[in-house]
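Number of protein chains: 2
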Amino acid sequence: MYDLLGKLRVVEAASFIASPTAGLYLAQMGAEVIRVDQIGGGPDFKRWPLADNGASFAWEGLNKGKKSVALDLSRPEGRELLVALATAPGDDGGVFLTNFPVGGFLAHEHLVKRRADLITVRIMGQADGRTAFDHTVNSAIGIPNLTGPVGHEGAPVNHVLPAWDLLTGAYSAFALLAAERHRRDTGQGQEVRIPLSDVGIATIANLGQVAEVLHTGVSRQRYGNALYGSFGRDFVTGDGKRLMIMALTTRQWAGLIKTLGIGDAVARIEAAQGVAFATYEGARFDHRDALFALVEAAFATRQAGELCAAFDANGCCWGPYKTTVEAASDPAMVTQNPIFSSIAQPSEMTYPVAGSMATLPQSQRLTPVRAPYLGEHSDEILADVLGLGSGEIGRLHDAGVVASA
Amino acid sequence: MYDLLGKLRVVEAASFIASPTAGLYLAQMGAEVIRVDQIGGGPDFKRWPLADNGASFAWEGLNKGKKSVALDLSRPEGRELLVALATAPGDDGGVFLTNFPVGGFLAHEHLVKRRADLITVRIMGQADGRTAFDHTVNSAIGIPNLTGPVGHEGAPVNHVLPAWDLLTGAYSAFALLAAERHRRDTGQGQEVRIPLSDVGIATIANLGQVAEVLHTGVSRQRYGNALYGSFGRDFVTGDGKRLMIMALTTRQWAGLIKTLGIGDAVARIEAAQGVAFATYEGARFDHRDALFALVEAAFATRQAGELCAAFDANGCCWGPYKTTVEAASDPAMVTQNPIFSSIAQPSEMTYPVAGSMATLPQSQRLTPVRAPYLGEHSDEILADVLGLGSGEIGRLHDAGVVASA
Chain A
1 MYDLLGKLRV VEAASFIASP TAGLYLAQMG AEVIRVDQIG GGPDFKRWPL
51 ADNGASFAWE GLNKGKKSVA LDLSRPEGRE LLVALATAPG DDGGVFLTNF
101 PVGGFLAHEH LVKRRADLIT VRIMGQADGR TAFDHTVNSA IGIPNLTGPV
151 GHEGAPVNHV LPAWDLLTGA YSAFALLAAE RHRRDTGQGQ EVRIPLSDVG
201 IATIANLGQV AEVLHTGVSR QRYGNALYGS FGRDFVTGDG KRLMIMALTT
251 RQWAGLIKTL GIGDAVARIE AAQGVAFATY EGARFDHRDA LFALVEAAFA
301 TRQAGELCAA FDANGCCWGP YKTTVEAASD PAMVTQNPIF SSIAQPSEMT
351 YPVAGSMATL PQSQRLTPVR APYLGEHSDE ILADVLGLGS GEIGRLHDAG
401 VVASA
Chain B
1 MYDLLGKLRV VEAASFIASP TAGLYLAQMG AEVIRVDQIG GGPDFKRWPL
51 ADNGASFAWE GLNKGKKSVA LDLSRPEGRE LLVALATAPG DDGGVFLTNF
101 PVGGFLAHEH LVKRRADLIT VRIMGQADGR TAFDHTVNSA IGIPNLTGPV
151 GHEGAPVNHV LPAWDLLTGA YSAFALLAAE RHRRDTGQGQ EVRIPLSDVG
201 IATIANLGQV AEVLHTGVSR QRYGNALYGS FGRDFVTGDG KRLMIMALTT
251 RQWAGLIKTL GIGDAVARIE AAQGVAFATY EGARFDHRDA LFALVEAAFA
301 TRQAGELCAA FDANGCCWGP YKTTVEAASD PAMVTQNPIF SSIAQPSEMT
351 YPVAGSMATL PQSQRLTPVR APYLGEHSDE ILADVLGLGS GEIGRLHDAG
401 VVASA
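Top to bottom, those sequences are chains A and B. At position 246 of the first sequence the residue is numbered 246 (the UniProt record's numbering), and the sequence of numbers has no breaks. At position 152 of the second sequence the residue is numbered 152 (the UniProt record's numbering), and the sequence of numbers has no breaks.
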């Protein structure tokens with residue numbers, strides 16, 4: 001955590017991955033993020049993976065450092081409290097992050113009647129209000145048809161990383177700060193709608209792939225593990241270690257050839273084909289079959305330890321293939337990585353959690369704060385933000401409208 | 001494009017995907033983004049896919065709406081001009097976005113001598129300065145081992161979407177605005193370092209997957225196209241259409257059962273197994289084999305057209321599997337999608353390009369601006385930002401330090 005965002009207060013009523021990551025990133029940069037959930041938990045409160053005590057590792061990972069208010073949102077009085085929190089006054093408040101439906105009781109047109117300069121950042125499935133999740137966005141833009149081993153054609157391969165949720169979450173945190181900067185300059189708030197499906201197709205277009213297929217008229221074929229348009233693929237060393245190798249720049253290409261000692265053989269291909277691999281990465285892709293064979297053969301004669309050291313010495317880009325257990329157990333990646341700190345979480349486990357993904361060498365990195373227990377801050381927030389007295393808060397508890405941890 | 005970011009001026013010296021997307025998002029929210037490239041283009045200037053005239057669809061997709069300055073960065077005089085641009089005065093300037101090495105001539109410790117409140121957002125491979133690209137980050141955290149068809153174990157499957165580049169880009173745009181907000185409040189700039197490898201492992205941790213494997217001691221198995229921990233997979237209709245189906249919420253689950261008419265069969269599984277699928281999504285995953293068989297059989301009796309209409313009517317979450325050509329040719333996704341506009345690009349093609357992925361109903365969406373020609377704004381920027389006279393600019397051209405389009 002870093003304290004960059006002053007006293008910025010964001011009220012988050014959201015579930016799943018995209019919206020909570022946006023709130024997480026804001027909290028880790030110092031914003032006060034108040035997550036409001038249904039009493040008993042929203043639809044993401046028991047998302048797998050789970051701890052022995054039933055707590056969700058996912059939920060507690062995505063909600064670290066936030067405050068939690070638990071309300072009965074099925075009742076008008078609970079809904080009114082959420083609306084009051086989202087639209088509470090103060091220069092640093094009035095920022096609302098949600099994935100609730102565009103037209104429901106949290107519609108911006110209703111909320112703005114309570115606070116004219118409100119900023120609502122609304123993460124949606126599709127722009128017309130229909131549902132979409134990460135995997136349905138991914139299938140609809142064609143990624144699964146391009147993923148997976150050559151020969152597996154006709155059977156799409158889903159991704160396992162929810163890339164569209166994650167990208168949407170980070171982009172939403174960005175868009176929220178852009179809207180808040182605008183409000184600081186002009187006094188004007190507004191709604192910012194970010195549909196997952198638009199993030200998906202816009203990204204494919206930004207990468208040039210809409211232009212590509214409108215130009216060629218055909219979709220790319222599957223290239224298996226090979227990187228399209230440059231040099232990249234997995235190779236196996238003589239002692240059975242699999243490495244991902246990439247050579248996108250002239251320097252990386254030169255380092256790869258030098259490390260593997262395949263300069264003469266590569267030069268023969270260049271002479272025969274009339275190409276120069278060093279200066280045009282596309283040629284490395286066009287002639288990948290010949291190049292892959294050379295690299296495979298060279299890898300087979302080498303041991304991973306000395307090969308990786310030589311790759312580093314020669315400025316190559318490579319990465320091991322690890323299992324998740326190997327990655328999580330790697331001290332350099334986790335326990336000795338300054339972005340991680342070991343803290344106790346609501347799962348009743350103490351384990352390394354990640355703080356801000358950015359490192360600010362001139363600022364002090366603060367220890368990550370655990371996720372809240374559901375409703376842990378209900379009373380504090382109702383008193384501090386809405387100014388409710390203890391009698392009124394007690395009445396709300398008795399009525400079952402508010403719950404505490 | 002929207003005009004939220006006032007006159008914020010960002011100087012970008014960067015290549016590949018992550019950094020340029022950060023600059024793109026900023027430009028699409030109204031910032032003036034000045035991209036500085038080596039004369040002739042940086043290492044990403046010819047990234048595939050390419051147009052007939054050799055222009056990169058990727059480059060022109062990622063650099064829309066930016067200004068372009070072309071300098072000879074191999075020479076001290078060219079480097080000095082880049083440093084001068086990055087550190088030029090003005091309240092809305094002094095924000096520098098780069099993926100140049102942490103210790104080179106663009107080291108923050110050098111730059112800050114020229115402008116004390118400079119913000120440098122530096123996208124890195126690994127935190128220690130070693131190289132990493134999207135695919136080597138992905139392999140090192142274990143995703144390829146979890147991706148792909150069951151039975152393909154032992155052979156990792158790389159993703160084809162550069163998810164880590166994209167997430168890093170969006171997060172960097174967010175972190176840049178967070179640092180700039182802090183500077184507005186305190187007057188203090190600083191360096192913000194965002195290593196791809198930290199984004200990768202922190203994200204896996206945020207999703208609960210580091211805790212999961214530290215707890216269980218084993219990595220997840222491959223689940224093919226099935227969504228871990230809930231109900232989701234691809235199914236094929238009687239007329240041969242493949243759909244991605246997800247049922248994460250109680251409502252979506254109820255809608256799926258109703259649409260497919262499998263309520264009785266599902267109830268028998270619940271009775272036999274002593275579970276309630278409607279209220280616990282994890283049970284839908286535990287008993288997925290039985291449920292998948294029911295859904296497969298029901299799909300086989302239905303035609304896609306009426307089935308999808310029924311899914312929509314019943315609040316289900318589904319998506320088609322499309323090829324990239326089908327997605328790019330879908331009017332609802334592209335030509336009739338308000339985020340797209342058809343404009344002429346440096347590739348000499350006119351095609352639909354995406355503007356801001358966010359939609360702001362209360363703000364005017366401005367037409368996307370094409371990517372620049374390399375060096376198109378060299379003279380304008382050197383005059384406006386650095387105050388150079390035409391004689392000096394002419395001398396720099398003659399010396400080969402500056403080039404124009």
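Please keep in mind that the hints were generated in silico from the structure rather than gathered at the bench. Keep in mind that a hint or two might mislead.
In this list, chains with the same sequence are indistinguishable; a pair is considered to hold if it fits within one copy or across any two.
Said to hold, decoys possible - Below 25 Å or equal to it, Euclidean Cα-Cα: the simulated SDA-like pairs (lysine to any residue) are: (1) 46 to 390; (2) 7 to 187; (3) 113 to 314; (4) 113 to 73; (5) 258 to 130; (6) 7 to 91; (7) 241 to 217; (8) 7 to 89; (9) 258 to 43; (10) 46 to 350; (11) 7 to 188; (12) 7 to 183; (13) 241 to 268; (14) 7 to 118; (15) 241 to 223; (16) 46 to 271; (17) 7 to 380; (18) 113 to 72; (19) 258 to 279; (20) 258 to 299.
Structure-based check of all given hints:
1. 46 to 390: For residue 46 and residue 390, the Cα distance exceeds 25 Å both inside one copy (31 Å) and across copies (65 Å).
2. 7 to 187: For residue 7 and residue 187, both the intra-copy (18 Å) and inter-copy (16 Å) Cα distances are at most 25 Å.
3. 113 to 314: neither (62 Å within a copy, 32 Å between copies)
4. 113 to 73: Within. Shortest intra-copy distance 20 Å satisfies the 25 Å Cα cut-off; inter-copy 54 Å does not.
5. 258 to 130: between (54 Å within a copy, 18 Å between copies)
6. 7 to 91: both (9 Å within a copy, 22 Å between copies)
7. 241 to 217: Between copies only: 21 Å across chains, 40 Å inside a chain, cut-off 25 Å.
8. 7 to 89: Within one copy, since 13 Å is at most 25 Å while 28 Å is not.
9. 258 to 43: For residue 258 and residue 43, the Cα distance is within 25 Å only across copies (20 Å; inside one copy 54 Å).
10. 46 to 350: Answer is within; shortest intra-copy Cα gap is 19 Å, inter-copy 48 Å.
11. 7 to 188: For residue 7 and residue 188, the Cα distance is within 25 Å both inside one copy (19 Å) and across copies (17 Å).
12. 7 to 183: both (15 Å within a copy, 14 Å between copies)
13. 241 to 268: neither (29 Å within a copy, 48 Å between copies)
14. 7 to 118: This pair counts as both: shortest intra-copy Cα distance 16 Å, inter-copy 23 Å.
15. 241 to 223: Both: 22 Å inside a copy, 24 Å across copies.
16. 46 to 271: For residue 46 and residue 271, only the inter-copy Cα distance (22 Å) is at most 25 Å; the intra-copy one is 61 Å.
17. 7 to 380: Within one copy only: 16 Å inside a chain, 39 Å across chains, cut-off 25 Å.
18. 113 to 72: Intra 23 Å, inter 55 Å, cutoff 25 Å: intra-copy only.
19. 258 to 279: Cα proximity of residue 258 and residue 279: one copy only (16 Å, versus 59 Å across).
20. 258 to 299: Result: close within a single copy only, 13 Å intra versus 55 Å inter.
Checked against the numbered hints above, the structure violates hints 1, 3 and 13; every other hint is satisfied.
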